[in-house]
Amino acid sequence: MPIVDVNGTSGRPAPLAPVALWVAAVLGTIHAAWSAYWAFGGRVLLDTVGGWAVAAVEERPLLALGGLLAVAVAKLLAAWIPLLAETGRIPGRRVWRGCAWVGGPFLIIYGAVNASAAVAILAGWVETENYDRPGLIGHAFVWDPLFAVWGVALTIALVATRRT
8 MPIVDVNGTS GRPAPLAPVA LWVAAVLGTI HAAWSAYWAF GGRVLLDTVG GWAVAAVEER
68 PLLALGGLLA VAVAKLLAAW IPLLAETGRI PGRRVWRGCA WVGGPFLIIY GAVNASAAVA
128 ILAGWVETEN YDRPGLIGHA FVWDPLFAVW GVALTIALVA TRRT
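Those letters in the sequence shown? Residues 8 to 171, by our numbering.
FYI, nobody ran anything at the bench for these hints, they're computed from the structure. Cβ atoms here follow ideal geometry from the backbone N, Cα and C, with glycine treated the same way. Mixed in with the good hints, there may be bad ones.
[To be verified] Quick list of the computed label-pair ranges, beta carbon to beta carbon:
#1 A77 - V51: 17 to 23 Å
#2 G73 - E134: 36 to 42 Å
#3 C106 - W29: 15 to 21 Å
#4 V133 - V33: 31 to 37 Å
#5 G73 - V133: 30 to 36 Å
Turn these sequences into a full structure, and let the hints guide you.
Structural data, given as structure tokens:
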């Protein structure tokens, strides 16, 4: 695997780099797989995304199919392009790294902020009249932490593979 270590020296890759790249790819694939599963009619854990998602799938199934498939494809591309570009399997390493430098921190912030907000509401630290308990549980403990950890893995991989 032609990866450059943290110090910018070629040769053996930084040991953390391949692991972080694969972890990011797997976590993104897990996210994508659930979106694809829901697109094709799966209902397990759909309520943990939010009541709006359940309503969308029930009321507009074709629109939900298209939207969820688009989301699944986008997540899958975001999961695998950094690994493929870093290993030279697709061209444009610099461009894809630039995109990943935006995506990694975005996933961390998005996941951490949304998970924290959901936890705050569930814990009663933030008062709200009506809230979607299953949706908040999903965002607090499953989907948004998964986004954040995906972003952490991707960002670690970017740091570990940077060149001087």
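Evaluation of the provided hints:
1. Checked against the hint of 17 to 23 Å, the C-beta distance between A77 and V51 comes to roughly 21 Å, which is consistent with it.
2. About 37 Å separates the C-beta atoms of G73 and E134, a value consistent with the hinted range of 36 to 42 Å.
3. A hinted range of 15 to 21 Å for the beta carbons of C106 and W29 is consistent with their spacing of about 19 Å.
4. Separated by about 33 Å at the C-beta atoms, V133 and V33 satisfy the suggested range of 31 to 37 Å.
5. Range check, G73 to V133: about 34 Å between beta-carbon atoms, so the 30 to 36 Å window is met.
Hint compliance for this structure: every hint is met.
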